[in-house]
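Participant: Please take these sequences and the hints and turn them into a complete structure.
So the sequences go chain by chain: A and B. For the first sequence, the working numbering begins at 1 and goes up steadily by one. For the second sequence, the working numbering begins at 1001 and goes up steadily by one.
Among these hints, one or two may not hold up.
[As the list claims (entries may be wrong)] Computed list of lysine-lysine pairs in PhoX-like fashion (alpha-carbon distance at most 20 Å, straight line):
#1 A/Lys79 to B/Lys1343
#2 A/Lys88 to B/Lys1343
#3 A/Lys88 to B/Lys1324
#4 B/Lys1063 to A/Lys324
#5 B/Lys1154 to B/Lys1079
#6 A/Lys154 to A/Lys269
#7 A/Lys125 to A/Lys88
#8 A/Lys324 to B/Lys1053
#9 A/Lys277 to B/Lys1053
#10 A/Lys53 to B/Lys1251
#11 B/Lys1088 to A/Lys343
#12 B/Lys1088 to A/Lys324
#13 B/Lys1237 to B/Lys1200
#14 A/Lys15 to A/Lys107
#15 B/Lys1251 to B/Lys1208
What the hints contain is simulated information worked out from the structure, not anything from laboratory work.
2 protein chains.
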Amino acid sequence: MFDILPLKGGLDNVKGFFSGGVSVGLKPNGKNDVAFIRSDTLCDVGAVFTSNKFQAAPIRHFKRYGEVFQTNFILINSKNANAMTGEKGVEDIDELFSLLPSSLNAKNPIMSSTGVIGYRLNIQKIAKSFELFDFNSKDSNAAAEAIMTTDRFKKEIALKVDVEGKGSFHVAAICKGAGMINPSLATMLCFITTDANVPKESIIKLLKDAAEESFNAISVDGDTSTNDTVMLLSSAKSGVWDERAFSEALKFVTKHLALEIVRDGEGSKKVVAFEVKNAATLDEAKKAAKALSNSLLVKTAIFGEDPNWGRIASTIGASGITCKEDSLVIHYDDVLVYSPQKKELDKKSEAAANAVMKKESFKIVCDLGVGAEGYTAYGCDLGHEYVSINADYRS
Amino acid sequence: MFDILPLKGGLDNVKGFFSGGVSVGLKPNGKNDVAFIRSDTLCDVGAVFTSNKFQAAPIRHFKRYGEVFQTNFILINSKNANAMTGEKGVEDIDELFSLLPSSLNAKNPIMSSTGVIGYRLNIQKIAKSFELFDFNSKDSNAAAEAIMTTDRFKKEIALKVDVEGKGSFHVAAICKGAGMINPSLATMLCFITTDANVPKESIIKLLKDAAEESFNAISVDGDTSTNDTVMLLSSAKSGVWDERAFSEALKFVTKHLALEIVRDGEGSKKVVAFEVKNAATLDEAKKAAKALSNSLLVKTAIFGEDPNWGRIASTIGASGITCKEDSLVIHYDDVLVYSPQKKELDKKSEAAANAVMKKESFKIVCDLGVGAEGYTAYGCDLGHEYVSINADYRS
Chain A
1 MFDILPLKGG LDNVKGFFSG GVSVGLKPNG KNDVAFIRSD TLCDVGAVFT
51 SNKFQAAPIR HFKRYGEVFQ TNFILINSKN ANAMTGEKGV EDIDELFSLL
101 PSSLNAKNPI MSSTGVIGYR LNIQKIAKSF ELFDFNSKDS NAAAEAIMTT
151 DRFKKEIALK VDVEGKGSFH VAAICKGAGM INPSLATMLC FITTDANVPK
201 ESIIKLLKDA AEESFNAISV DGDTSTNDTV MLLSSAKSGV WDERAFSEAL
251 KFVTKHLALE IVRDGEGSKK VVAFEVKNAA TLDEAKKAAK ALSNSLLVKT
301 AIFGEDPNWG RIASTIGASG ITCKEDSLVI HYDDVLVYSP QKKELDKKSE
351 AAANAVMKKE SFKIVCDLGV GAEGYTAYGC DLGHEYVSIN ADYRS
Chain B
1001 MFDILPLKGG LDNVKGFFSG GVSVGLKPNG KNDVAFIRSD TLCDVGAVFT
1051 SNKFQAAPIR HFKRYGEVFQ TNFILINSKN ANAMTGEKGV EDIDELFSLL
1101 PSSLNAKNPI MSSTGVIGYR LNIQKIAKSF ELFDFNSKDS NAAAEAIMTT
1151 DRFKKEIALK VDVEGKGSFH VAAICKGAGM INPSLATMLC FITTDANVPK
1201 ESIIKLLKDA AEESFNAISV DGDTSTNDTV MLLSSAKSGV WDERAFSEAL
1251 KFVTKHLALE IVRDGEGSKK VVAFEVKNAA TLDEAKKAAK ALSNSLLVKT
1301 AIFGEDPNWG RIASTIGASG ITCKEDSLVI HYDDVLVYSP QKKELDKKSE
1351 AAANAVMKKE SFKIVCDLGV GAEGYTAYGC DLGHEYVSIN ADYRS
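Facilitator: Shown next as structure tokens:
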């Protein structure tokens, strides 16, 4: 038995962790642009990275530490992705870390970056943050702001987990990412801290499982930016371990943040869950659900609040999965819009479906009727604001 | 030796074919909405259809005739795709054809439809066209207009091919389709007629080869609408056959029309050729080129005339193909924007690349430097007009 309780204020709740954010002038508007997360003891660390072939320099830098290592320091900058910068990009990180105050005792320091591709880091500018940071601050909020790029709002979460007879631990995270992710390839970064006593050998598996139902449900496999990163740091300071409780809390954290990313979709106004039921295989369910969440015609129909289920059917048919016209059933929330018996949308159903689409979030449920597997992907509408944001991102 | 010469006026140039278009009120603005193409003798016919699992009723109706058959009549309507209409949708076509004047002697009549998914055909309305048509007219232009949906302009082409020592034949076509096709799943239809003496057994192969380098280069394999159709009718009336000459003329026709579709991209202002060179395999070259032509971030950067090559690199990296940061070279027309030696875009190159992007059409050339295969896909920008058109297509 365990209880999961929400807490205010992100990473600050987790024992042994400190964080903060400052402005060094990477963002022209004077907002925070460099963040740190550190721990007063060494932490086990696990990370899931982008599958993009052009992995950014910070990811290649991380991988130099090998499969299993411990760390006590993460530095994060926005506005510059340090991607497509070659071996120099990795060397720049080493040079930057050589400027860290020795009093920090940074062991295996980790860097993470987000922003424009193709420019070297401004080492001097970023190193200014080392003088500005209060390394003993617990200011998750400032860190969450510093990692934002096109985000409209900060993303953080903290949970307390009470495990009967064992005690309690915490899981918290900050995150950045706006929208769609795929196909827009916008970067998402997520830093999770915990004081649960996570066994070293379980970190990666638990993180992968949680990412599969959350961040991967908002992006198509293999189609990710150069910098995407989900990282979990465990200080073990609570001394408490319960795999079921931790796994559930971790999934709650990642699912919540993934949906926050969708809700913050570049220019989007609606969050839509695309649930595919009774598919022949889990892979096919995923393929169809993700095809729906990525279809431009579906996204623009959602923007236009047009219950044009033909675009849903056509996208499923085009996704290459097993499906049949005479077993497909489509609902918008509880409103039946298509079944083999009811092919044309009557005025009453159309009005009801239109009312569903006016909501800020709703479900489009496609029952394929050919098997027993299901998957839900999350997406948002695509409107004029998306075009405006992305036509001129760099300037 | 042979010469290919352009002619005015579409299908009208090909011996033995008649065509026309009328308005029966499917389009509320009174424009032509039903077309016919007929031949005064039986023609061999070949067709390439959508790979969408939910094939529209007219495609299933066509396939009932079997692999090899002859026909002398095609009927085409816009505004209603007759897709997701079940077995009734196919029966509706039979009922419609039963109303054709018997004087036509229509043999194995073919139907083709484009428009909204999920509504039965209005048989009575469409049958009105049988009274309005002049079945002896040669009015390719009226037919081309009748098959338009969101197209901004009509698409037709006609070629005369002179083959030394053999004589001459004609290839002509009308076509509809606007934009992107994929991922927007807008329908494309193309009807090609010829009086070349095409051997029955060559029709499908020649048509597939031509489609691969044209219509398939503007859409991702397998991700097509419910109705996509490319059809070739051969009256053989010239008595002339030369495979090389015919193949080249057919490829010219299909490539021209495919580019016309891109140029007519819903709301688009620019046509861009995405050339991927020196890929490890042809499949990988296609995959990368199509990923580029379909990337929202690339399309919006083109709309914004922003030479942000990082989005090009990131999309290639995300496409899952073999590529290396230290062998990639990217040009915008002749302007080098990225090479392993030149990572950051200097002011001069940026200005030059920006000037290229101001053109109505240009090339983005990605040399992967890992093999010897290449492919060119075609795409367009994505701007506000695309959103406006597709947010409210039905009404």
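Participant: Determine for every hint whether it applies to the structure shown.
Facilitator: Hints, one by one, checked against the model:
1. A/Lys79 to B/Lys1343: 17 Å, holds
2. A/Lys88 to B/Lys1343: 11 Å, holds
3. A/Lys88 to B/Lys1324: Judged against 20 Å, a Cα distance of about 15 Å means the pair holds.
4. B/Lys1063 to A/Lys324: 17 Å, holds
5. B/Lys1154 to B/Lys1079: 16 Å, holds
6. A/Lys154 to A/Lys269: 17 Å, holds
7. A/Lys125 to A/Lys88: 17 Å, holds
8. A/Lys324 to B/Lys1053: 8 Å, holds
9. A/Lys277 to B/Lys1053: 17 Å, holds
10. A/Lys53 to B/Lys1251: 35 Å, violated
11. B/Lys1088 to A/Lys343: 11 Å, holds
12. B/Lys1088 to A/Lys324: 15 Å, holds
13. B/Lys1237 to B/Lys1200: 14 Å, holds
14. A/Lys15 to A/Lys107: 19 Å, holds
15. B/Lys1251 to B/Lys1208: Roughly 10 Å between the alpha carbons, so the hint for lysine 1251 of chain B and lysine 1208 of chain B holds.
Checked against the numbered hints above, the structure violates only hint 10.
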